[in-house]
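Engineer: Sequence:
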Amino acid sequence: MEGGIRILVADDHELVRRGIRALLEIEPGWRVCAEAANGRDAVEMATATRPDVAILDISMPELNGVEATRQIRRAVPQCQILILTMHESEQVLREALVAGARGFVLKSDAGRNLVAAVDALNRHMPFLTPGVTDVVLEDYLKSGTVPADPDTPQGRLTGREREVLQLLAEGRSSKEVAQSLGISVKTADTHRTNVMRKLDLHSLGELVRYAIRNNMTQA
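Converting from the sequence shown to this note's numbering requires adding 507 to each position, the first position being numbered 1.
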């Protein structure tokens, strides 16, 4: 596994980031060029440092791993995205692949698979952790992608609406959402209204449950 690789690591737990850095930087020429504790910082750092591979936790505050993947792929198309998750989930896998991720590793398997996954992605080859559902894996290997599911948030909401949904589910007010996204409070309220309408939600509690159920934020 020779050759230099510049890697971004994004996880909201510092100990996890330290462990990943220690594991990867044993490899000759591999360097963690940036770390981020939330998805929004991950996008900014990827845009600034342009890593070869970005390792993203699926559940991060402010912007989850799926949304961060989508934005990094737009900003830095050559960056290969590896998703880390605590749980095997066909839905999470499907959404991550649709967003542009090329690798998927369970945190419980990271010690065994992370180096191999980063090496594969750096060589522009996909890496999916053992145990993923056969149907999704088969679809991915056949076409290089997985069809978007219209019943997921990705199929119903715009990118900005997904960002607003996650921030609201994390307990942010419309004013705080506006400040975080650099938009007006009126625009934030409009996005909130559109989210509630599109998803047929009628209260903040329903919105929070929807976000948790669809892996957009943590309980």
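Honestly, the hints are just simulated from the structure, not real lab data. Treat each hint with caution, since some may be false.
With a Cα cut of at most 25 Å, we get these calculated SDA-like pairs of lysine to any residue [to be verified]:
{"#": "1", "residue 1": "Lys682", "residue 2": "Arg667"}
{"#": "2", "residue 1": "Lys682", "residue 2": "Leu706"}
{"#": "3", "residue 1": "Lys614", "residue 2": "Leu711"}
{"#": "4", "residue 1": "Lys682", "residue 2": "Ala544"}
{"#": "5", "residue 1": "Lys693", "residue 2": "Glu713"}
{"#": "6", "residue 1": "Lys614", "residue 2": "Glu713"}
{"#": "7", "residue 1": "Lys682", "residue 2": "Lys693"}
{"#": "8", "residue 1": "Lys682", "residue 2": "Val715"}
{"#": "9", "residue 1": "Lys614", "residue 2": "Val539"}
{"#": "10", "residue 1": "Lys614", "residue 2": "Gly689"}
{"#": "11", "residue 1": "Lys693", "residue 2": "Asp707"}
{"#": "12", "residue 1": "Lys682", "residue 2": "His709"}
{"#": "13", "residue 1": "Lys614", "residue 2": "Lys705"}
{"#": "14", "residue 1": "Lys705", "residue 2": "Val692"}
{"#": "15", "residue 1": "Lys682", "residue 2": "Glu668"}
{"#": "16", "residue 1": "Lys705", "residue 2": "Arg663"}
{"#": "17", "residue 1": "Lys682", "residue 2": "Asn545"}
{"#": "18", "residue 1": "Lys705", "residue 2": "Arg667"}
{"#": "19", "residue 1": "Lys614", "residue 2": "Leu706"}
{"#": "20", "residue 1": "Lys682", "residue 2": "Pro637"}
{"#": "21", "residue 1": "Lys614", "residue 2": "Arg528"}
{"#": "22", "residue 1": "Lys682", "residue 2": "Ser710"}
{"#": "23", "residue 1": "Lys614", "residue 2": "Pro633"}
{"#": "24", "residue 1": "Lys682", "residue 2": "Gly666"}
{"#": "25", "residue 1": "Lys705", "residue 2": "Ala676"}
{"#": "26", "residue 1": "Lys682", "residue 2": "Thr697"}
{"#": "27", "residue 1": "Lys682", "residue 2": "Leu711"}
{"#": "28", "residue 1": "Lys693", "residue 2": "Gly678"}
{"#": "29", "residue 1": "Lys614", "residue 2": "Gln598"}
{"#": "30", "residue 1": "Lys693", "residue 2": "Leu714"}
{"#": "31", "residue 1": "Lys614", "residue 2": "Pro637"}
Engineer: Decide, hint by hint, whether the structure agrees.
Structural biologist: Here is how each hint holds up against the structure:
1. Lys682 with Arg667: Satisfied, since the Cα-Cα distance of roughly 15 Å is no more than 25 Å.
2. Lys682 with Leu706: Between Lys682 and Leu706 the Cα gap is close to 22 Å, so the pair holds against 25 Å.
3. Lys614 with Leu711: violated (31 Å)
4. Lys682 with Ala544: holds (23 Å)
5. Lys693 with Glu713: Given pair Lys693, Glu713 holds - Cα atoms ~22 Å apart, limit 25 Å.
6. Lys614 with Glu713: violated (29 Å)
7. Lys682 with Lys693: OK: Lys682 and Lys693 at ~9 Å, within 25 Å.
8. Lys682 with Val715: Answer holds: Lys682 to Val715 is near 18 Å, not above 25 Å.
9. Lys614 with Val539: This hinted pair holds, its Cα atoms lying about 18 Å apart.
10. Lys614 with Gly689: violated (33 Å)
11. Lys693 with Asp707: The given pair, whose Cα atoms are some 21 Å apart, holds under the 25 Å limit.
12. Lys682 with His709: holds (20 Å)
13. Lys614 with Lys705: violated (33 Å)
14. Lys705 with Val692: holds (20 Å)
15. Lys682 with Glu668: holds (15 Å)
16. Lys705 with Arg663: It holds: about 7 Å lies between the C-alpha atoms, which stays within 25 Å.
17. Lys682 with Asn545: holds (20 Å)
18. Lys705 with Arg667: holds (14 Å)
19. Lys614 with Leu706: violated (31 Å)
20. Lys682 with Pro637: violated (43 Å)
21. Lys614 with Arg528: holds (14 Å)
22. Lys682 with Ser710: Cα-Cα ~18 Å, so holds.
23. Lys614 with Pro633: holds (17 Å)
24. Lys682 with Gly666: holds (19 Å)
25. Lys705 with Ala676: It holds: about 16 Å lies between the C-alpha atoms, which stays within 25 Å.
26. Lys682 with Thr697: Distance ~12 Å between Lys682 and Thr697 Cα, so the pair holds.
27. Lys682 with Leu711: OK: Lys682 and Leu711 at ~15 Å, within 25 Å.
28. Lys693 with Gly678: holds (18 Å)
29. Lys614 with Gln598: holds (17 Å)
30. Lys693 with Leu714: holds (19 Å)
31. Lys614 with Pro637: holds (12 Å)
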